[in-house]
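Since chain A is already given, all that's left is putting chain B on it; use the hints.
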Amino acid sequence: MQEQSDTPLKRTPLYDQHVACGAKMVPFAGYEMPVQYPLGIMAEHRHTRAQAGLFDVSHMGQVRVTGADPARAIESLVPGDIQALAPGRMRYTLFTNETGGILDDLIVTRRADDLFVVVNADCKEQDFAHMQAGMAGDATVEMLDDRALLALQGPAAAAVLARHAPDSGSLVFMSAAAMPVAGIDCFVTRSGYTGEDGFEISVPADRAADLFGVLTGEAEVEPIGLGARDSLRLEAGLCLYGHDIDTTTTPVEAGLSWAINKRRREEGGFPGADVILKQLADGPSRRRVGIRPEGRAPAREGADIVDKDGAVVGKVTSGGFGPTVEGPIAMGYVPVALAAPGTPVGLVVRGRTLTAEVVKTPFVAQRYAKG
Amino acid sequence: MSGTKFTEDHEWISVDGDVGTVGISDYAQEQLGDVVFVELPEVGRQLEKGGEAAVVESVKAASEIYAPASGEVTEINDSLEDAPATVNQSPFGDGWFFKIKLSDPDELDALMDEAAYKSFVEGLE
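If you're matching them up, the sequences are chains A and B in order. The working numbering numbers the first residue of the first sequence as 262 and each following residue consecutively. The working numbering numbers the first residue of the second sequence as 1240 and each following residue consecutively.
Pulled out of the complex, with its shape left as it was, chain A reads as follows (with noise of 0.2 Å):
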């Protein structure tokens, strides 16, 4: 995450509770932001598996589309089936680019008069941009400016935001609804970033801190920081935009393909269509998988990815220790020819390679509430 050193961070509605908590504030995508708070990486790591973490994830961009079709609007810019979705219901997509790289990925849920659309902090003035572009004439595009973001996961978080929220055991994985949570107007949706069963609750601004108060005052809940947030989405096997996916990376090397739906592939009308369905057709040259070394060294981003001969292959897009696996695990791009799970790789940390194995995602089962 590139930081530009000559504009001041911004703070989300919640930065006084994070300082109060005793968290470490860092600066991300613009923000200051915990990374970690007393507890540490890997006791919140732990915690959000075995109970329930909330996180504050409000430097994402919310963002509003209203028109007279937004579904179908918002598919000239990505492969996802928007306008199969029946209200309420969401998808994870991409915003793909003429080469077929991906600009961003995101979470489009449909409302009855609306979509409500998630994209990542660093792209979100990007994307809006893009959007207001893409879709202007169709449909109009909104920054929630207004609204925090916060995520409650875990085994827990469903029984935890049950006592606030009676409405929210109704929701299944990818589903969304407006409810009030401990008497607070809010659009809950149950989805994450952890792996974990788990919510995403957009909230007033200038009600964040009540319902932080709210949460974090259960005995289940501990506050987890962008340091646990990482750990955890990367034992799930998901992609971080900027690092596991970029505008060089296209959605079937990134192994994304099940997000761009059937019809899309019939129809096109994407960005990039012409690359994407091709390569869907012929088979990519390259793909994204999980890496585990052995023994306890991690493996960073950056690292170049060997084949038995010792000749780079590729490179560690995202890497690190997995608290609950109990060791390092990489992500990383291979040519397909290496990419079989339990296919042989070395990956080079400090002039040493490392042996290492591909190994199937998610290094850790999901463990979503389907319903």
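These are calculated hints, taken from the structure and not from any lab test. Honestly, I wouldn't trust all of these hints.
As the list claims (entries may be wrong) - Calculated lysine to aspartate or glutamate pairs in the EDC-like style (CA-CA distance at most 20 Å, straight line):
#1 Lys-1338/B x Asp-1352/B
#2 Lys-285/A x Glu-483/A
#3 Lys-285/A x Glu-1269/B
#4 Lys-576/A x Glu-618/A
#5 Lys-1288/B x Glu-1247/B
#6 Lys-1288/B x Asp-1333/B
#7 Lys-271/A x Asp-407/A
#8 Lys-285/A x Glu-1364/B
#9 Lys-1338/B x Asp-1248/B
#10 Lys-285/A x Glu-1361/B
#11 Lys-539/A x Asp-342/A
#12 Lys-285/A x Asp-1265/B
Unchecked claim - Sample of chain A residues lacking proximity to chain B, with all beta carbon distances greater than 12 Å (derived):
#13 Pro-269
#14 Asp-277
#15 His-425
#16 Pro-441
#17 Ser-546
#18 Ala-598
#19 Val-610
Note that beta-carbon positions come from the ideal geometry of N, C-alpha and C, so glycine has one too.
The following block gives chain B in isolation, referenced to the frame of chain A:
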């Protein structure tokens, strides 16, 4: 901790005769967070004062550890291989990194004593 000297990079060295034991300070382990792996130098390696001596990996990042003084590595703390978190739990005790036979004990004169290091750290916060 009397007789222990500190660097501005938060390593400590405690000298017994001409052998110095090296580790990282409590402040350093706190800043690094949960240590998941320590790469130690090989026994017999010649270290230069200020040169790269070890690497500490936390969940988040890798950090280099520099030699507080010049000398030959005589022993390393093998127990960190299976229990890297010892660095967090006991940075001045069982979490030591390696021992070196000092080639120039006078180099230590330039390092901070405990009181000086304490005020150095306070200045960082």
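Now for the hints, and whether the structure bears them out:
1. Lys-1338/B x Asp-1352/B: holds (19 Å)
2. Lys-285/A x Glu-483/A: holds (15 Å)
3. Lys-285/A x Glu-1269/B: Roughly 11 Å separates the two Cα atoms, so the pair holds.
4. Lys-576/A x Glu-618/A: Satisfied, since the Cα-Cα distance of roughly 14 Å is no more than 20 Å.
5. Lys-1288/B x Glu-1247/B: holds (13 Å)
6. Lys-1288/B x Asp-1333/B: With a Cα-Cα distance of about 23 Å, the restraint between Lys-1288/B and Asp-1333/B is violated, given a limit of 20 Å.
7. Lys-271/A x Asp-407/A: holds (14 Å)
8. Lys-285/A x Glu-1364/B: holds (12 Å)
9. Lys-1338/B x Asp-1248/B: holds (18 Å)
10. Lys-285/A x Glu-1361/B: Given that 20 Å is the threshold and the Cα spacing comes to 17 Å, the pair holds.
11. Lys-539/A x Asp-342/A: holds (19 Å)
12. Lys-285/A x Asp-1265/B: holds (17 Å)
13. Pro-269: With a cut-off of 12 Å, Pro-269/A remains clear of chain B, as the shortest Cβ separation is near 22 Å.
14. Asp-277: holds (20 Å)
15. His-425: holds (31 Å)
16. Pro-441: Holds: least Cβ distance 37 Å, greater than 12 Å.
17. Ser-546: holds (31 Å)
18. Ala-598: Non-interface label stands for Ala-598/A: nearest chain B Cβ at 30 Å, farther than 12 Å.
19. Val-610: Its Cβ does come within 12 Å of chain B, the nearest being 9 Å, so this is violated.
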